[in-house]
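Undergrad: Sequence:
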Amino acid sequence: MQSGNNFHGLPTFVIANQLLTVEFLAEAGPRIVRLALAGRDDNLLAEIPDVNWETTYGTFHIRGGHRLWHAPEAMPRTYVPDNDGLEVEPFEGGVRLRQPVEAPTGIQKVMELTLHPDRPALTVQHALHNAGSWAVELAPWAITQVPLGGVAVLPMQAPVPSQYLPTRQLNLWSYTRIRDTRLRLDDDLALVEGKSRKQPFKIGYFNHAGWLGYLTGDVFFVKRFDPQTGQPHPDQNSNCEVYVWDRFLELETLAPLVRLEPGATTTHVETWELFTGVSTDTTIDSIRTLVQTLGL
Numbered sequence: 001m002q003s004g005n006n007f008h009g010l011p012t013f014v015i016a017n018q019l020l021t022v023e024f025l026a027e028a029g030p031r032i033v034r035l036a037l038a039g040r041d042d043n044l045l046a047e048i049p050d051v052n053w054e055t056t057y058g059t060f061h062i063r064g065g066h067r068l069w070h071a072p073e074a075m076p077r078t079y080v081p082d083n084d085g086l087e088v089e090p091f092e093g094g095v096r097l098r099q100p101v102e103a104p105t106g107i108q109k110v111m112e113l114t115l116h117p118d119r120p121a122l123t124v125q126h127a128l129h130n131a132g133s134w135a136v137e138l139a140p141w142a143i144t145q146v147p148l149g150g151v152a153v154l155p156m157q158a159p160v161p162s163q164y165l166p167t168r169q170l171n172l173w174s175y176t177r178i179r180d181t182r183l184r185l186d187d188d189l190a191l192v193e194g195k196s197r198k199q200p201f202k203i204g205y206f207n208h209a210g211w212l213g214y215l216t217g218d219v220f221f222v223k224r225f226d227p228q229t230g231q232p233h234p235d236q237n238s239n240c241e242v243y244v245w246d247r248f249l250e251l252e253t254l255a256p257l258v259r260l261e262p263g264a265t266t267t268h269v270e271t272w273e274l275f276t277g278v279s280t281d282t283t284i285d286s287i288r289t290l291v292q293t294l295g296l
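Quick note: the sequence shown, position 43, residue 43 per the numbering used here, numbers continuous.
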């Protein structure tokens, strides 16, 4: 681990190997703010330093990058500021980022980042610890903001126990417009284009495949996770969500809802993989070929 460039005035640290560089805030967060392939300068994560909200608990800064929340979303509980007090604990091949306990909720957020030695990949373990005096129902919620200009890729396949029962669903937020042309649907894939519009758009569903991706240029950024079938999830049983607005697109995964007792911890693991030199064609047929070629 070494000191990084600052992130719009905030100090950072970096972990890196010959394949991948990961930059995170040194004092705020836990927040991953930059992700870059070796030999490339472009940040695969969005940088949004100027967007914030005032809450009962102070100013919440969106910042961009990757963050950990606890679902279901609610104001102001979800938006407890994470501006200082981070503990950084390096270990061989990675780092642990430990937030102070959130005073209003009694929840402590921890991220553990581990680089893979032989491929451009990163394992991100998210943990929520209940340091309070009463049980809390919640779910770990991993949110990655990426720059506009690419296409989010969502696998839609699902088991078919019976032809007489439904197998797939899409959950639509109140502000989502069904005719929004950023959404493209086919039998096996859903695509959400990262295009700037003032009208936000969000969908969620239960993702049985355990991955979602973002195609940007010749890079396909894939987030893998464990789809825990049969467990209750937030947002009408969504374990995967995509949100797009005028500045960024979010790739979101959620663990099951749990009743977290005092002193208990729940975790949610994502593995990030970066595939380079892929086709830049964003037609659904080309993306289907890419998915099949990668064995996803």
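What the hints contain is simulated information worked out from the structure, not anything from laboratory work.
Just so it is clear, CB atoms sit at the ideal spot from N, CA and C, and this is done for glycine as well.
Heads up, some of the hints might be wrong.
Derived pair list, reagent style SDA-like, types lysine to any residue, alpha-carbon separation capped at 25 Å [unchecked claim]: (1) Lys202 with Pro147; (2) Lys198 with Asp188; (3) Lys202 with Asn5; (4) Lys202 with His233.
The following label-pair restraints were derived from C-beta to C-beta distances [stated by the list, open to error]: (5) Ala158 with His8: 36 to 44 Å; (6) Thr56 with Leu165: 39 to 47 Å; (7) Glu137 with Ala38: 28 to 36 Å; (8) Asp187 with Ser279: 19 to 27 Å; (9) Glu92 with Ser133: 31 to 39 Å; (10) Glu92 with Gln292: 34 to 42 Å.
Undergrad: Please go over all the hints and tell whether each is borne out by the structure.
TA: Hint-by-hint comparison with the structure:
no.	hint	result
1	Lys202 with Pro147	holds, 16 Å
2	Lys198 with Asp188	violated, 29 Å
3	Lys202 with Asn5	violated, 33 Å
4	Lys202 with His233	holds, 17 Å
5	Ala158 with His8: 36 to 44 Å	holds, 41 Å
6	Thr56 with Leu165: 39 to 47 Å	holds, 44 Å
7	Glu137 with Ala38: 28 to 36 Å	violated, 42 Å
8	Asp187 with Ser279: 19 to 27 Å	holds, 21 Å
9	Glu92 with Ser133: 31 to 39 Å	holds, 36 Å
10	Glu92 with Gln292: 34 to 42 Å	holds, 36 Å
In this structure, the earlier hints numbered 2, 3 and 7 are contradicted, and the remaining ones agree with it.
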